[in-house]
Amino acid sequence: MSSQSRIVITGVGLTAPNGNSLQEFRANLLVGKARIAEIDVRHMGKQPAGVCDFDATKWQKRKEIRNGTRVGSISIYCAREALIDSGIAWEQIDKSRVGVYLGITEHGNVETENEIHNISQFGNDTKYWTHHHNPRTVANNPAGEVTMNLGITGPHYTIGAACAAGNAGLIQAAQMLQLGEVDLAFAGGVSESIHTFGIFAGFKNQGALGSHPDPTKASRPFDKNRNGIVISEGGAIYTLERLEDALRRGAKILGEIAGWCINSDATDAVLPNPQRQAECVRFALQRSGLKPQDITIVSTHATATALGDIQECVALREVFQNCPNTYINNTKSYIGHCMGAAGALELAGNLPSFADGWVHPTINIEEIDPECALPGLVVNKPHQANEVNAILNNSFGMLGINSALIVKKYGVA
Amino acid sequence: MTKEDIKQIVLDIIADIAPDEDLSAVKAEVRLRDQLSLDSMDFLDIVMELRKKHGIEVPEADYVQLASLDSCADYLLPKFLAKK
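As they're listed, the protein sequences go chains L and A. Sequential numbering from 1 applies to the first sequence in this note's numbering. Sequential numbering from 414 applies to the second sequence in this note's numbering.
One or more of the hints may lead you astray.
Unchecked claim - Covered by chain L, per the in silico footprint, the following chain A stretches (three or more residues, Cβ under 8 Å):
(1) 461-473
(2) 485-497
Said to hold, decoys possible - Only pairs whose alpha carbons sit at most 27 Å apart, straight line, appear in this in silico DSS-like list of lysine-lysine:
(3) A/K465 with L/K63
(4) A/K466 with L/K127
(5) L/K291 with L/K95
(6) A/K420 with L/K63
(7) A/K420 with L/K127
(8) L/K291 with L/K33
(9) A/K420 with A/K466
(10) L/K63 with A/K466
To be clear, the hints were calculated from the coordinates, so they are not data collected in a lab. Quick caveat, the model's predicted, so the values are computed rather than measured. Ideal Cβ placement from N, Cα and C applies to all residues, glycine included.
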């Protein structure tokens with residue numbers, strides 16, 4: 001990339017089941033604190049799930065919360081917090097040059113299920129169907145709610161990319177900044193999926209819904225006894241800028257977007273293809289100009305399904321042979337699978353390692369699955385890597401969408 | 414059922430759909446939109462809540478009758494009484 005097109009991260013706002021700021025989230029990752037609750041899922045009863053407890057009224061009127069969506073509130077909270085973190089003088093910004101690009105796994109299921117339930121109380125008479133349904137369920141809803149809350153008049157849309165969506169939002173933003181379409185981007189991923197029973201039922205009937213008597217141990221990627229996904233809500237939104245703009249305003253730079261790739265398995269709707277995943281990582285490395293040995297942390301996608309974890313490990317073994325200084329972790333073991341937010345949140349959890357050198361571990365491993373015993377896997381205790389120069393963030397999703405995003409420490413050649 | 418009861422029913426609905434509004438000094442004779450931050454979607458919410466909670470139908474041509482608390486009371490009282 002030329003210096004003209006270098007893209008940097010200058011702010012982050014997030015809500016995760018175990019933290020409503022990067023500081024809180026990171027602190028909990030380093031002390032191994034998972035936070036998974038048991039919630040009552042319509043038609044299904046108690047299920048483990050990651051629930052966020054941010055204060056939506058911090059940035060929205062109660063009427064806005066009522067009329068909007070849960071994921072809209074998550075997005076607004078994250079975008080507002082990112083803006084504060086960035087130190088941007090918002091009143092001086094040309095709002096027509098700001099874009100909002102948010103990755104989503106799915107959208108509209110929550111509201112549709114709620115309305116179907118609602119009219120079922122009235123003999124399924126559709127005159128009881130809410131007029132809020134369409135603005136709540138259009139696919140651009142979460143990004144659109146951000147623009148209305150912040151008065152942004154530039155482009156906004158969501159990127160539907162299954163569970164690869166968090167990375168996809170960031171990649172889209174980086175591309176739009178490089179094209180000069182916008183000067184500032186709010187980008188990342190968001191999810192409200194715990195409020196739809198359909199996603200729980202779908203995973204359950206696929207044999208992929210995680211459980212454990214202790215909900216905080218239900219999400220256990222790479223453990224021999226893992227039994228599936230813990231569904232969570234959450235969001236992470238970043239402010240991205242071109243490097244020269246960030247330098248001009250004296251911004252703190254949290255990391256530089258160094259490379260990325262999105263590709264497709266073109267093989268199976270649910271079973272990942274390790275060959276394509278490895279290809280995705282290699283293409284991202286190629287774009288970044290880095291070698292596998294240059295990657296200090298691999299933030300894995302692994303969701304704790306029996307086959308998915310193994311497939312990712314196959315891909316990583318292929319790419320990261322002879323990389324003694326590459327460490328591998330997983331954040332879903334703390335917060336479950338935040339769906340569209342997963343990739344963006346997992347990257348956020350690792351970003352502070354550029355400053356402190358710590359690699360947070362994957363937790364909840366009682367007995368490592370031999371097929372997942374990757375060299376460099378950081379298990380149950382954090383590892384001091386001394387210097388972290390580059391993070392590879394993996395996020396994969398259904399229909400065989402793969403995304404790999406590489407963020408490097410700013411100032412490292 | 415009195416007109417005052419109807420006004421309270423409408424105020425209770427508004428309290429639910431516009432929870433940020435201060436309803437303590439709403440003037441019955443003044444248009445609701447002139448004293449509260451209500452938009453067309455909010456009036457649709459009022460219509461929906463009348464339907465769901467009270468079984469009262471307000472045809473689209475009559476939405477204008479919901480302009481103020483007084484006009485709501487005048488318009489809705491016969492409908493509520495007819496239900497009894």
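Cross-check of the supplied hints:
1. 461-473: holds (count 3)
2. 485-497: violated (count 0)
3. A/K465 with L/K63: 19 Å, holds
4. A/K466 with L/K127: 13 Å, holds
5. L/K291 with L/K95: 38 Å, violated
6. A/K420 with L/K63: 21 Å, holds
7. A/K420 with L/K127: 24 Å, holds
8. L/K291 with L/K33: Violated, at roughly 33 Å.
9. A/K420 with A/K466: With a Cα-Cα distance of about 15 Å, the restraint between A/K420 and A/K466 holds, given a limit of 27 Å.
10. L/K63 with A/K466: 20 Å, holds
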